[in-house]
Structures are given as C-alpha cells and as structure tokens.
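Trainee: Produce the entire structure from the sequences given, and follow the hints as far as they go.
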Amino acid sequence: MAFYERSRSRGNIFYLSITVAFIVTLLTLWLGLLSYTTPFPAAPPHQEPVAADDDSHHESADIQNPENLIQLQPQFFTDLGSKRVQIKYGPFTVPGSGTNNGMKDFVDEKATKPCDDCLITYMRAGLQYPDGANANANTGMWLHHVVLLDTAVPDTVCPKDRKGRPVPNRFFASGNERTAMDLSGASTIQTGYFLSAQSQVVVTLELMNQMAEAREAVLTVEYEFIPSPIPKSFKHAKSIWLDIGGYCGNSEASVPNDTSTFDFNMQPGWKVPDGWEENLLVFLGGHLHDGGTHLEAMKSGGIFCDSAATYGANDDFIDGTGEKMAHISNMSLCHKATTLKAGDELSVKAYYDKTAHPMMVDADASLEPVMGIAILYAAQSEGGN
1 MAFYERSRSR
11 GNIFYLSITV
21 AFIVTLLTLW
31 LGLLSYTTPF
41 PAAPPHQEPV
51 AADDDSHHES
61 ADIQNPENLI
71 QLQPQFFTDL
81 GSKRVQIKYG
91 PFTVPGSGTN
101 NGMKDFVDEK
111 ATKPCDDCLI
121 TYMRAGLQYP
131 DGANANANTG
141 MWLHHVVLLD
151 TAVPDTVCPK
161 DRKGRPVPNR
171 FFASGNERTA
181 MDLSGASTIQ
191 TGYFLSAQSQ
201 VVVTLELMNQ
211 MAEAREAVLT
221 VEYEFIPSPI
231 PKSFKHAKSI
241 WLDIGGYCGN
251 SEASVPNDTS
261 TFDFNMQPGW
271 KVPDGWEENL
281 LVFLGGHLHD
291 GGTHLEAMKS
301 GGIFCDSAAT
311 YGANDDFIDG
321 TGEKMAHISN
331 MSLCHKATTL
341 KAGDELSVKA
351 YYDKTAHPMM
361 VDADASLEPV
371 MGIAILYAAQ
381 SEGGN
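Start counting the sequence shown at 1; every next residue gets the next number (UniProt numbering).
In case anyone wonders, no lab produced these hints; they're calculated from the structure.
One or more hints might be untrue.
[Claimed, not checked] Pairs of lysine-lysine residues, derived as PhoX-like cross-links and limited to a Cα-Cα distance of at most 20 angstroms, are as follows: (1) Lys110 to Lys88; (2) Lys271 to Lys160; (3) Lys324 to Lys271; (4) Lys271 to Lys341; (5) Lys324 to Lys349; (6) Lys113 to Lys88.
Mentor: Right under this line is the structure:
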C-alpha cells in the first residue's frame, strides 16, 4: 500500500504526520539541512486573490515567488512591510464516493513556503477546484483536515513518537470549517509563528469527495507575515496541539451506539515542562466533526476556553447532495484567554449530540469516527530574528 493512501475510510492525523516526520527527517539529515471567549476584533474576511499595489512595501529576498503563489493585500502591521500571499497546493485527485467513502490522504513533503526567516501572523486554509471555483459541502468536496509541519522545530507536546522517532512541529491545522488563525488579534498582539530559512514545510491533508466520479481539488493556504528583519518587540509564538486522543495518540474516537449525547476527554493532559517562562496564550481554535456542539479547553482542571460549533452559516456548508444537511461552518475562538507556566496541565473535552446535529454516515451506514482537537499559540519571551 502506498504511504500516501490508506486502507481505512478515513485518516489518523497524528500517525500520518509521524510517518511523514520520519521520512522527512531522514531526508533532511541526509541533505545536511538541520543546522480565550471575549469580544475581539474580527479577522478580515477571506480575500479573493488580487495583485498587491505597485507602491506596496519593499520586496525582500526572503519572499518566495513560485508560480503557485499569489500576492494579496496585507491587513496587519503594514507599516512593517507585512505581506499576504495565497499558495496553492495540488491539484489532488480524490476518488469517487465508492472508494474508501471518497476519502484519501495526500502529502506534499516539499511544500512551497510563504517566506524564510519571517513571522507568520495569520493563516487560513481553503479548497478550490482547478478552475478556481470554491469547493465545499454544497458541491460535495470537503477539506476533511490539513496539518502543516515545520521540520526545523520539534513538536511542542510530542517531540518524539512512541518509537522514539522525531516529530516535526505541527504549527497549523484546519478542518472543513476553515478557521482563520489570526495570531495577532487584528494587530493588537505583537506575535507570530517564526518560520526559519532552515524549515521545510510538509503539508498533510485528507480530502473527501461525495460524488461518484473522481475529481480534482486544490488546497489553498493564505499566509500573512512580517519579513525579516523582525522587530525585537514581536514575540515568537509556540504552537500547542491538544487532542482527545492524547498528545501523542490517535486523533479519532469511535461513536458510542447506546447514547445520543457523549463526550471525550483528553487523558492524560499535557503538562507544561520545566523551564517554561510564564507567557500569554494568544489564540485557540477548536475542531470537531459533525454532531459536535462544543470543545472545552482546560488548564489544571479549570475551563479557560469554550469553543462552540456553528452549523450552516452560509450555503457553502449546506449539503448539496440531496439531504440539505447543515455542517460545521465555524468554531468560536479564544484570544488572550490565559497565561501558561511550568507545571500547568492542559487538556480538552469534546461534546457531541447526535439529536441536535446529525452525524456523518459512511456508505455502510456506520457513523464516522469523531475528533476533538485544539491548536493553541503561546507567545514566548524570544522575539525578532
């Protein structure tokens, strides 16, 4: 079986990342390259690609310019020469619904980077067809999930897997809700994820096609970033992955048959390690599957964020295959929710209600497994570059 494909009907985010991690790490070594919820300014809407003004801030050698990259208008920290780009990955051929329920994993081990030695302040994933039309539930094509990995940085919560293999850092993730990860809170927080020149970005994704025939889809990711030199006042954000399957475990959980409401709790939680300086948790985004109502994030047993699911906020998230089922379109976000220090224990708890929200069903009439994931960003003391 090719390692890009899977014999199951859907995937395991963590273990797919591990497989990729191991292969990419070996290649990297061989090549010698390793030297919470409060009112908040809304993130800007998803932009259609438009060319940047000719008088925009200076170009820099650390800005990537491949054919699959489109320059957009930056929204934040424009006085610092910020840049916004959309990168297209693919196209990927997704099998028809009769093959593995129309699901398939894909990996881009040498994905195009937005920049080198830059501070990423905003990320958002999307899905299109090759002609540029939006792909979503209304047309039967899903961005089931996507995870971006940084090979130059060990994963914060799971630096090595159970076999001792290194795990690259999971610095961005999205489901079909396509949450905008605005780390800076619309320019109110001086922080972002630092992407070094040594970093290789790996994209792992799973797409789902509800139509009978195979079709192509293109992953898009919008990035906004501050290019080098980065002011010292801007802190590097550390990404933290919390998962009901455990921080080094399987991301999926089977749906119980004997109850309409149920929940899954992350066990054990992740303890903030010794030496961690107290810092601000600047952003949290949650991810659930259909049937999910909300995701609680806890610090040492106390809830600091409750990320609630909204269904069918627009027509893109209404099933177009005949049943008109509403799917998760938004997860509420938490900004500046709490601080973290050494010894704190973080965990998440996912809540589901089959009666309130129908769940996804496979071709054999079984209910799809569910997830409960949060990705957090904590501002570190280190800044600039």
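Trainee: All hints, please: hold or fail.
Mentor: Right, here's what the structure says about each hint:
At most 20 angstroms may separate the alpha-carbon atoms for a hinted pair to count; lysine 110 and lysine 88 meet this at roughly 13 angstroms. This hinted pair checks out: lysine 271 and lysine 160 have alpha carbons roughly 15 angstroms apart, not beyond 20 angstroms. For a cut-off of 20 angstroms, the pair hint linking lysine 324 to lysine 271 is broken: about 43 angstroms separates their Cα positions. Restraint check for lysine 271 and lysine 341: satisfied, since their Cα atoms lie roughly 10 angstroms apart, inside the 20 angstroms limit.
Between lysine 324 and lysine 349 the CA atoms are separated by roughly 29 angstroms; this puts the pair beyond 20 angstroms, and the hint is violated. For the given pair, lysine 113 sits about 11 angstroms from lysine 88 by alpha-carbon distance, which is consistent with the 20 angstroms threshold.
Checked against the numbered hints given earlier, this structure breaks hints 3, 5; the rest are met.
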